[in-house]
Amino acid sequence: MARMKFLCDADRCIECNACVTACKNEHEVPWGINRRRVVTINDGLPGERSVSMACMHCTDAPCAAVCPVDCFYTTDDAVVLHSKDTCIGCGYCFYACPFGAPQYPKVGNFGTRGKMDKCTYCAGGPEADMTEAEYVKYGSNRLAEGKLPLCAEMCSTKSLLAGDGDIIAEIYKERVVTRGYGSGAWGWRTAYGDTVTV
Amino acid sequence: MNMKTLVQRFVAVLGILAVLGIVGISVTPAAQAQQINPTAQSVTEESLFEALQDDQMVEGRVSIPDGLSSGLIKPGNPSWASTHTGLVRNLSIAAVVGAIVVLTLFYMIRGKIMVDGKMSGIRILRFTAIERFAHWLMAGSFIILALTGLNLVVGRTMILPWLGEGAFSTITIWGKIAHNYVGWAFMLGLTLSFLVWVAHNIPNKVDAEWVAQGGGLLKKGVHPPARKFNAGQKVIFWLTTLGGAALSFTGFMLLFPIVAGTQADWQFYQLIHGIVAAGLSFVIIAHIYIGSIGMEGAFDAMGTGEVDLNWAKEHHSLWVEEVQGKAKSGDSSARGTQPAE
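Just so you know, the sequences run in chain order A and B.
The numbering of the first sequence is my numbering, which starts it at 1 and goes up by one.
The numbering of the second sequence is my numbering, which starts it at 1 and goes up by one.
Hints are computed from structural coordinates only; laboratory data are not their basis.
Check before you lean on any hint, since a few could be wrong.
Away from chain B, derived, C-beta distances all over 10 Å, residues of chain A [claimed, not checked]:
1) GLU174
2) ARG189
3) ASP194
Okay, the calculated bits of chain B under chain A, using three or more residues with CB under 8 Å as the criterion [said to hold, decoys possible]:
4) 55-64
5) 68-79
6) 125-137
7) 141-147
8) 160-170
9) 228-241
Listed next, the stretches of chain A that the computed footprint assigns to chain B, with coverage defined by at least 3 CB atoms under 8 Å from CB atoms of chain B [unchecked claim]:
10) 28-40
11) 66-78
12) 83-89
Every residue, glycine too, gets a C-beta built ideally from N, C-alpha and C.
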């Protein structure tokens with residue numbers, strides 16, 4: 001089995017937000033929820049970089065560690081998923097996440113939130129693959145169809161890479177060597193404990 | 001005229017060429033340098049991480065309306081996670097298990113603290129209806145809050161395996177809702193209790209004597225004098241007041257995260273909330289023990305509000321003198337002295 005990861009090559013990202021739009025459309029994500037977002041660092045300054053960020057599907061995910069009802073699980077592809085049936089909307093995973101990935105659909109009284117929603121790596125949830133029940137709660141399950149996450153698949157500059165961690169790290173290294181620079185594998189040292197060194 | 005115009009044009013063209021030449025000389029190397037490395041000043045993750053202080057995050061700008069999502073990476077968040085699953089969880093378990101162990105040992109060694117003289121059968125009013133209402137509003141809500149809060153911290157390891165994911169999730173959702181609403185009842189009970197009792201809880205000389213004699217807790221037949229509240233009760237009063245205030249404040253902030261500020265503030269309030277709750281739970285378990293199975297006649301004070309005269313003389317001698325002094329002087333508070341049946 002592969003160890004799935006995301007890698008955003010910020011030197012290629014043009015902040016077009018197509019990944020954000022693709023994600024929202026593919027999964028019918030409700031208003032106010034962004035499973036993926038593009039953050040521009042040093043906006044307007046020389047050397048600004050944009051990074052597309054979503055759940056990084058961490059090794060030893062801190063969200064899973066703090067969940068009071070243990071609703072997270074890691075698939076064979078190392079994708080971190082959760083059960084919305086079990087989730088109580090407490091918000092602890094949002095406190096724990098270094099990437100701001102967990103999202104909550106409603107703001108009720110006393111800070112109460114609905115069931116948490118986050119990037120599924122286009123891998124659905126605990127329901128049977130590619131069923132209506134799964135789609136309604138988690139969006140489409142492209143991994144079960146043999147496809148990679150749509151955000152990365154349709155990235156116009158091939159900035160956002162998804163796939164087995166070793167393979168995309170190799171692609172990124174090759175790019176950095178060829179062009180002579182790279183701003184780093186954003187989030188990797190936080191999510192996986194080590195970054196891509198060239 | 002024609003000749004002059006031609007010369008002028010010639011000079012002008014020369015001038016333009018000269019300017020272009022100078023600019024060209026200076027521009028070309030710069031353009032070439034940019035082609036060689038257009039990213040010489042690019043931000044890198046590594047440099048941003050090196051510049052990060054504690055509790056800071058790599059932040060930028062987002063074009064989506066949710067401004068709070070502009071944080072890109074906050075490497076410190078997992079340390080909140082490990083404090084929550086480590087220190088807070090361990091303290092919570094230690095508080096509850098520790099209290100039970102200490103009290104069990106105390107019960108085995110000292111036994112139930114009995115009234116040395118026999119019960120007199122005469123009962124005097126110790127706590128009015130308002131005092132009991134304030135106490136039970138605070139106590140009842142505290143127990144609900146403590147159990148539902150403790151469930152969030154240790155339920156996953158201790159209850160989930162017994163109940164299964166679905167049932168445990170259901171009770172935890174209801175527990176969360178209860179925690180959010182019952183907190184207000186606790187704040188009201190805490191405020192009322194503070195108002196009705198603060199005057200009786202100012203430390204004084206009598207307390208020093210009480211502490212010196214170990215409160216009479218350790219030895220049979222020892223009953224240091226005390227007014228309405230002895231030093232031990234005063235300690236519980238102030239711990240409850242201060243701990244309850246801390247829980248109320250941090251709880252309020254957690255209920256209104258936008259008021260509280262940023263994620264770092266929420267994490268801070270959550271940790272304080274958990275640690276203070278663990279400490280106060282220890283105190284309250286001890287309080288419940290001594291107010292129920294630990295001491296004969298003690299529960300009546302908060303149960304019916306009336307205590308036996310001999311119990312009162314042993315545990316709150318100065319208070320009994322005060323009350324009876326008032327009663328003898330024909331004060332209307334004589335209603336406090338009634339036969340038991």
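| Which earlier hints can't be squared with this structure? | 2, 6, 7 and 9
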